[in-house]
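Engineer: Sequence:
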Amino acid sequence: MRVSSSRTFLREYGPFALLVLVALAGWEFAARLKLVPAFILPAPTAIWTALMEQKELLFGEHLPATLQEVLLGFVLSAACGMLLGTGMHMFTPVEKALYPLLVISQTIPLIALSPIFIMWFGYTLWSKVAVVFLTAFFPVVVGTFDGLRKSGAMYKELLLTLGATRWQILRKTQIPPALPSLFSGLKLSMVYCVIGATIGEWLGGSRGLGYFSRRMAGNLQSAEMFAAVFLLSALGIILFLFIVLLEKIILQKRGIHR
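First residue of the sequence shown: 0, per numbering that gives the first Met the number 0; consecutive thereafter.
These are computed hints drawn from the structure, not numbers from a lab.
Predicted, not measured: the structure shown is a model, and the values here were computed from it.
Mixed in with the good hints there might be a few duds.
[Stated by the list, open to error] Derived DSBU-like pairs: lysine-lysine, alpha-carbon spacing no greater than 35 Å straight-line:
(1) 252 with 171
(2) 186 with 149
(3) 252 with 149
(4) 95 with 186
(5) 33 with 54
(6) 95 with 247
(7) 186 with 54
All chains should be modelled from the sequences, with the hints used to inform the complete structure.
Structural biologist: Structure (structure tokens):
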């Protein structure tokens with residue numbers, strides 16, 4: 000059984016792992032031969048050394064600050080996005096009024112809005128959370144709305160003739176089939192939350208991995224900057240995998256297969 004699982008794991012992820020190892024080896028080789036200046040592209044070993052040297056500052060101060068912004072922004076995005084997506088599905092006037100505004104909101108560069116949020120909220124946690132929210136809100140709304148719109152149509156007329164209310168139809172026949180689409184929006188939203196937090200910290204932060212990477216870039220300390228970027232990437236991957244695991248558990252309990 001274990002041999003079969005190992006073979007399945009190697010078949011699924013072996014090519015990716017091999018590609019990463021080859022890329023890291025080539026990167027290290029090029030850096031050691033000084034084919035690229037170290038201040039432009041430091042070696043992976045130099046990045047790891049910088050990560051270990053700065054671990055107390057990175058893990059003790061900047062990573063918790065970024066994680067707080069990401070989680071607060073995600074919770075707000077998920078809650079408001081699901082409510083609004085459901086409202087747009089249930090009430091056509093709400094869809095007609097708000098859907099164009101949602102699309103327009105995604106065309107505005109976040110760099111242009113960050114100073115506005117700083118004027119409104121100051122250099123506080125909430126200016127960064129506002130950037131995260133605006134970045135991650137749209138995928139949840141669209142995932143919820145599209146999932147509900149495409150689910151349960153065949154049972155709707157039958158249940159209406161049996162006296163079911165719109166909320167009963169929504170709860171029993173539309174939400175369960177819409178869960179895969181909703182989780183797709185949540186996974187995108189989680190990744191966007193990390194991006195939004197980084198942008199907010201770059202433009203107006205005093206803590207966080209984005210702020211740390213900006214400060215290191217200004218000092219031409221590229222190894223430390225890449226260490227912060229590595230942590231941001233790892234944070235996004237871990238949180239994304241958490242949503243994937245949550246999706247698998249919930250869909251399996253409901254007997255839904257993707």
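Engineer: Mind checking the alpha carbons of residue 33 and residue 54 for me, to see if they're no more than 35 Å apart?
Structural biologist: holds (27 Å)
Engineer: When you check the alpha-carbon spacing of residue 186 and residue 149, does it fall within 35 Å?
Structural biologist: Answer holds: residue 186 to residue 149 is near 20 Å, not above 35 Å.
Engineer: Between residue 95 and residue 186, does the CA-CA distance stay at or below 35 Å?
Structural biologist: holds (26 Å)
Engineer: Residue 252 and residue 149 were given as a pair; does the straight-line alpha-carbon distance stay at or below 35 Å?
Structural biologist: Answer holds: residue 252 to residue 149 is near 21 Å, not above 35 Å.
Engineer: Is it true that the CA of residue 186 sits at most 35 Å from the CA of residue 54?
Structural biologist: holds (28 Å)
Engineer: Take a quick look at whether residue 252 and residue 171 sit within 35 Å of each other, Cα to Cα.
Structural biologist: With a Cα-Cα distance of about 15 Å, the restraint between residue 252 and residue 171 holds, given a limit of 35 Å.
Engineer: If you draw a straight line from the CA of residue 95 to the CA of residue 247, is it 35 Å or shorter?
Structural biologist: holds (33 Å)
Comparing the model with each earlier hint shows no violations; every hint is respected.
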